[in-house]
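**Student:** From first to last, the protein sequence lines stand for chains A and B. Quick note: the first sequence, position 100, residue 100 per this note's numbering, numbers continuous. Quick note: the second sequence, position 391, residue 391 per this note's numbering, numbers continuous.
Partial selection, computed: residues in chain B whose CB lies under 7 Å from chain A:
1) 260
2) 262
3) 263
4) 268
5) 309
6) 310
7) 313
8) 349
9) 352
10) 353
11) 355
12) 363
13) 377
14) 381
Here are the computed lysine-lysine pairs in the DSBU-like style, where the Cα-Cα straight-line distance is at most 30 Å:
15) B/277 to A/165
16) A/61 to B/304
17) A/78 to B/309
18) B/357 to A/2
19) A/98 to B/309
20) B/294 to A/165
Since the hints were made in silico from the structure, they are not lab data. Backbone N, C-alpha and C define an ideal beta-carbon position, used for all residues, glycine too.
Given next are the chains, with one letter for each unit.
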Amino acid sequence: MKFGKRLKHQIEQSLPGWRDYFLSYKELKKLLRSISSASPPLERGKAEADFVYLLNDEIDKFNSFFVEQEEDFIIHHKELQQRIQKVMENGSDQKDYKEELAKIRKDIVNFHGEMVLLMNYSNINYTGLAKILKKYDKRTGGVLRLPFIQKVLEQPFFTTDLISKLIKECENTLDSVFPPSESAAGTLRGEKETLALAGEGIFRNTLAALLTMQEMRRGSSTLSHFSLPPLKFPDSDIIHTLQILPPIQIP
Amino acid sequence: MEAKPALSVQRSRASQLGAFGTSGAVPPSFPFLPTSVEGTYAKCSDALRVSLERESMQHPSSVVSPSSSSSGAVGHIFASSSGISTDLQFSSQQLEGKHPRQSPFISQSTNSGESVILPYSIGSKALQSSTSSHCNNQNNGSWCTDSLPEFLDFPATAQSCPLDGSDSGIVSIQSEDLSKQNDWQDWADQIIIDNDDLTSDLNDLLAGANVAEPEPKVLIQMSKDSINYSMLQPHASQQLSACATAGQSPSSNTAPAKQRMRWTPELHEAFVEAVNKLGGSERATPKGVLKLMKVEGLTIYHVKSHLQKYRTARYKPESEEESSEKKLTSIEELSSLDLKTGIEITEALRLQMEVQKRLHEQLEIQRNLQLRIEEQGRYLQMMFEKQYKPGTDLIKGVSSTNEYPSNELTDAPPNSPPQEISTLEANNSKGGDSTNLATTYSETSRPVAGNPKANDAGMVESPSSKRTKVDE
Chain A
1 MKFGKRLKHQ
11 IEQSLPGWRD
21 YFLSYKELKK
31 LLRSISSASP
41 PLERGKAEAD
51 FVYLLNDEID
61 KFNSFFVEQE
71 EDFIIHHKEL
81 QQRIQKVMEN
91 GSDQKDYKEE
101 LAKIRKDIVN
111 FHGEMVLLMN
121 YSNINYTGLA
131 KILKKYDKRT
141 GGVLRLPFIQ
151 KVLEQPFFTT
161 DLISKLIKEC
171 ENTLDSVFPP
181 SESAAGTLRG
191 EKETLALAGE
201 GIFRNTLAAL
211 LTMQEMRRGS
221 STLSHFSLPP
231 LKFPDSDIIH
241 TLQILPPIQI
251 P
Chain B
1 MEAKPALSVQ
11 RSRASQLGAF
21 GTSGAVPPSF
31 PFLPTSVEGT
41 YAKCSDALRV
51 SLERESMQHP
61 SSVVSPSSSS
71 SGAVGHIFAS
81 SSGISTDLQF
91 SSQQLEGKHP
101 RQSPFISQST
111 NSGESVILPY
121 SIGSKALQSS
131 TSSHCNNQNN
141 GSWCTDSLPE
151 FLDFPATAQS
161 CPLDGSDSGI
171 VSIQSEDLSK
181 QNDWQDWADQ
191 IIIDNDDLTS
201 DLNDLLAGAN
211 VAEPEPKVLI
221 QMSKDSINYS
231 MLQPHASQQL
241 SACATAGQSP
251 SSNTAPAKQR
261 MRWTPELHEA
271 FVEAVNKLGG
281 SERATPKGVL
291 KLMKVEGLTI
301 YHVKSHLQKY
311 RTARYKPESE
321 EESSEKKLTS
331 IEELSSLDLK
341 TGIEITEALR
351 LQMEVQKRLH
361 EQLEIQRNLQ
371 LRIEEQGRYL
381 QMMFEKQYKP
391 GTDLIKGVSS
401 TNEYPSNELT
411 DAPPNSPPQE
421 ISTLEANNSK
431 GGDSTNLATT
441 YSETSRPVAG
451 NPKANDAGMV
461 ESPSSKRTKV
471 DE
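All chains should be modelled from the sequences, with the hints used to inform the complete structure.
**Tutor:** Here's what the structure looks like:
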C-alpha cells in the first residue's frame, strides 16, 4: 500500500502533462484482487488475461510517452547548443549578452531537470511493475514475473541510456560555459529561503522525486532479495536541509 | 500455412509460413514468384494487407505481395506487370528477445511473449537494377511506380478499414544484400519522384481508398501489436548499422496504424542538415527532407511529425519553457519576491543543479541494481531449469561472506522451481557482489525441487545484522 501512496504523491508532484502517463498501480491491484476472488476457472482465466492485457497496455503507454519526450529532448538539446554557439560567436560586447547567457543557463538547468524527471518517470514505473508482478506471483502462484520483467527490461521506456547521455552532456556544457567558480561561494540559506528557492516547477519536482525515492527505499515491510537498500546521503548533503521542510505551497 | 481468403499477415511462430497471394489473374503468368513460397494465392479482398512469408535471409528469390484496397485494382496492376523485380522479398522472422542484426531497420511486434522481428533492410542490387530499368523505361510503368508505393501505402486505406482479428499488414522488405542500402534508397527516391507524375493515376487506382494526401506516402502500417521501429544512425554517413530495437510491445495497440520511431541525436543531425539545405524549417517540406536524408525505413510520417516538433522548438524557445505544461520556475518567483540579484539567481540555479544531479545519480544506481537483480534471477532460473544437482562444487564459497539477503519467508513464491532467489543486497557501495553470487548459487542449489522454506532458511543469515550493517 505504501508504494501506491507514494506513487500517487509523486504523480501529484509531477509536471501536469505527465500525470496521465504513470502506472495505474491501483487499477492493477484491483484486478489482482478480482483474480484472487474469482474462483471458477473460467472467470479466473479471464481475470488473469485482463491483468496481463492491462500490463501490456501500460507498457505501451510508457513507451509512447517516453519516446515522444525523448524526441523532444533531442531536438531541444540541439537547439540549446545552437543558441550557445550563436551567443558565443557574437561575442561579449553584445548588449544582450549577459541576459542571453543567463537565460540560456536557466534553460539548460531546467532542461536538465526535465530529463532527470523523465528518468525518474521511467524508474518509478518500472518499480511499480516489478512490485505488482511480484504480488501477482505471490497471489496466484503464477510464474509471470520473471519472463515478463525480462521483457520490460528491454522496453524503450526502460532503456534510458540516451537520456542519461544527454543529461551528462548538459552538465558538461553547463560546466564549460558557466564555469563553477561561484559554486563554493554558496552558503546555505535559511530554511525559508531554501524552500522558496525550491518553489514550483521543475526544481520542486526533482526535489520531490528525490525525496520520494528516499522514502521508498527507507525500509519496506516486505524486504526481500529484490529490495533495494535504503538511500544514504552524506550528512553534509543539502538534501537533509531541504528534507526537513514540509512541502508547503508558496502563495 | 494459412488459407485465409484475404492476404494477411501471419505473425507466426517459427515454422509458420504466411499465406501469400495475389489476385486470381496473376499466378499462372507470374514468373517471379519463387517456388519456395508456400501458400495459396488468394484474392485480395480486404483492406491493405500484405502477407508475410517466412524465409531465410539468404533466399534469393523474392515475392511481391500486392496489397489492395477494396477494389481489385492492385491485383490488376500486378497482373499486368511482368517486369517486376524479383528481388523484393518479404519475410517475417521470429526472434526471441533482442537480436542485433545487420538489417538497419527492425521492427518488432510481439504477442504475449512471442516476438517477431521484421527485418526491414532494403536494397538489393537486382532490385535496383530491375526496377530502375523498368521505371526508367516505363515498360511496366503501371506497376513500377504505382503499385510499389501502393503496397507500401498502408495507413491511408487501412485506417479506414477494420482489421481482421489481430493481424494487420506489415511489410518487411528484406534484402539478402544488406550493404546495398543505397540501391534501395535510389529506388525509393525514384518511386517518390515518379509518384509525383503519377499521382493522379495513383488516386484512380486507390479509388475508394482513403488517400489522405495528394502525394503518395511511403508508409508502413504497424501491426496492431505495436511494432516498434527503431533506427540507429551511428555515423554521419548515411549508413545504418545493425540495430535492434530493444522494445517489444507486448500489447496490442488501440490505434491501428500507430508507428513509433526512436530518434537519435545522429539522426536528428541528419535531419537538421537536410532542413538547412532546404532553406530552413519553415521552407522545408517533409518530402524534401525525407529525400535528402536518405535514411532507410524513415517514413514521411516520421519526418512530418518531427518537423513539426522542430518548428515549435525553434520559434518558441521561450514558450518551451513557459508552456502550460511547465510552471514557472523558482527563478521567476524569486524575482517577484524581490531577490533579483544575479548572484542569488545563480545560487538558486546551482542548488537546483545539485538536486537534479543527485537525483540522476541515484536513479542510475537504482537502475543498475534493478538490472542486476533481474539478471541474477534469470541466471538462477536457468540453473534450475538445467536441474542443477545440489551439493556439488559451488557450495565451497558458502562461508566467505555474510552478505545474504534477508528473505521474507512469507514472500517467497509458492512455486518452487523458478526460485528467483538472488542475493543482491548490495550496499550502496556496491561491494562484494561477486562473492554474493557465489554464495547465492551454492545456497540455492542445495534444496532442490523446492522447499521454499528450506531455501529461505538457508539464505536468511541474520536479517537484523544485515540491516545494521547497511545502516552503518
